[in-house]
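Top to bottom, those sequences are chains A and B.
Residue 178 in the UniProt record's numbering is what sits at position 178 of the first sequence, and the numbering runs on without skipping anything.
Residue 203 in the UniProt record's numbering is what sits at position 203 of the second sequence, and the numbering runs on without skipping anything.
It is worth saying that the hints were derived from the structure and are not from the lab.
Note that the structure is a prediction, hence the values are computed from the model and not measured.
Do not take every clue at face value.
[Claimed, not checked] Each pair of labels, with its calculated beta carbon distance range:
#	chain 1	residue 1	chain 2	residue 2	range
1	A	Asp172	B	Ser65	54 to 60 Å
2	B	Ile122	A	Lys6	54 to 60 Å
3	A	Glu43	B	Arg50	41 to 47 Å
4	B	Phe5	A	Gly13	29 to 35 Å
5	A	Tyr108	B	Glu110	37 to 43 Å
6	B	Ala152	A	Ala74	42 to 48 Å
7	A	Asp14	B	Glu163	44 to 50 Å
8	A	Val3	B	Asp14	39 to 45 Å
Positions of the beta carbon are idealized from the N, C-alpha and C atoms, including for glycine.
Number of protein chains: 2
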Amino acid sequence: MRVIFKQEMQQLGDDLTRMSRQVATAIERATAALETADLTLAEQVIDADRRIDELERQLDEQGISLLARQGPVATDLRIVVSGLRLSATLERMGDLARHVAYVARGRYPENPTPGPMREILIKMARQATLVSQQVTQLLETRDLALAASIEADDDVLDQLHRESFQVILDDDVPMTRQQLVDAVLLGRYLERFGDHGVSVARRISYLVTGDLTNEVVNPAEQEAHHD
Amino acid sequence: MRVIFKQEMQQLGDDLTRMSRQVATAIERATAALETADLTLAEQVIDADRRIDELERQLDEQGISLLARQGPVATDLRIVVSGLRLSATLERMGDLARHVAYVARGRYPENPTPGPMREILIKMARQATLVSQQVTQLLETRDLALAASIEADDDVLDQLHRESFQVILDDDVPMTRQQLVDAVLLGRYLERFGDHGVSVARRISYLVTGDLTNEVVNPAEQEAHHD
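If we strip away everything but chain A, and leave its shape as in the complex, we get (with noise of 0.2 Å):
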């Protein structure tokens, strides 16, 4: 029975660690089909979320099953419902990059991040994408130097986000009403997806430590466009 129960508790940190790899191809592709606007990565980042969605659907049947036949208490539990509420987070991250592949095809052929806001923009996704890839190396070796490093590239993203705002709000900023639309939600969807790494980052470092006196996610981006 207990030989079952750590293969299974093992397989569901392999499944979150495939979710995760999902994910960061996902806002890689997407990041590139910004870049280039390329429709097929595009294309490729809206089919592929379908695969990650499912693979919640799995992880969440995995988890509740694990939950009714071994009854797991204390740290066991812990890592069973957190690993629930990753699978959540992940796939959430799975669709603001498919948010992303949406703006990228929605423009084509043009390039969807053209104008004054292409640097920063792309700035932005590449940050996104690296948040993206620690999540996976932290989830594969819960090595807590990787959390660490993740909440500094989240903080580079938010400033970016920041900066992205004083381009919009600048009227000698030349934009038309498309490109400061696609600028915002963009803007908006990556901050998002950093802040949800941020967030998995510090639920895995919990599990760790014991510590979650800082899982709630960021407080910092929920002032970030408006003081």
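Assemble the complex: chain A is given as a structure, and chain B must be docked to it using the hints.
Quick look at chain B alone, frame taken from chain A:
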């Protein structure tokens, strides 16, 4: 043992309803703050969100403790796990109400929704309030007719959101950059708020009927801004 278990399940349901009621109050006040440029109301929403976050933490601990001590299976297990998910979704709705309040606070003493977008944004906020009030009622009554009504109200919200982009993207409608940014973000917050309401409604329907076919959040929202 069984009596205590039933009481604890009841408590979980009551606490979710209480949390949902606080979220409904938050979005109702945020809506009023948008309409009347009321700084006090906006601050109340922002402050009250801490209590909503605290309720989520309490619900989590209750749920995990219940799983550990009672080891529920089958339907009971799914109810507890769903309770954890519902509290996370309600917490997110509270955050979105707070984001709306930030816009009102950020523009004070000016009206946060001046100009051509005023009518449509107020309509959206009222519609989001309606969704939230019905979610609370649904949690209280488990009346499945309400679940359908929540979906219908969210459709109205999505339709208003689409209309908002027609105005935002129309160069003939004069708007400042700040008004454009606020309109895009308020639209996004309110649309997401409604989607989460639908997600709560579907999860409750699932618990009542056992049918999870429609559980994934409203696919219509995914392409609204970019198609």
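Each hint tested on the structure:
1. Separation of A:Asp172 from B:Ser65 is about 58 Å and conforms to the stated range, judged on CB atoms against 54 to 60 Å.
2. For the pair B:Ile122 and A:Lys6, the beta carbons lie near 56 Å from each other, so the given range of 54 to 60 Å is met.
3. Distance hint for A:Glu43 and B:Arg50: a CB-CB separation of about 42 Å, consistent with the stated range 41 to 47 Å.
4. With their beta carbons about 30 Å apart, B:Phe5 and A:Gly13 fall inside the hinted range of 29 to 35 Å.
5. Remark: the range hint 37 to 43 Å for A:Tyr108 to B:Glu110 is upheld by a beta-carbon distance near 39 Å.
6. Remark: the range hint 42 to 48 Å for B:Ala152 to A:Ala74 is upheld by a beta-carbon distance near 45 Å.
7. Evaluation of the 44 to 50 Å hint for A:Asp14 and B:Glu163 yields a pass: the beta carbon distance comes to about 46 Å.
8. Roughly 41 Å separates the CB atoms of A:Val3 and B:Asp14, a value that falls within the hinted 39 to 45 Å.
Checked against the numbered hints listed earlier, the structure breaks none of them; every hint is satisfied.
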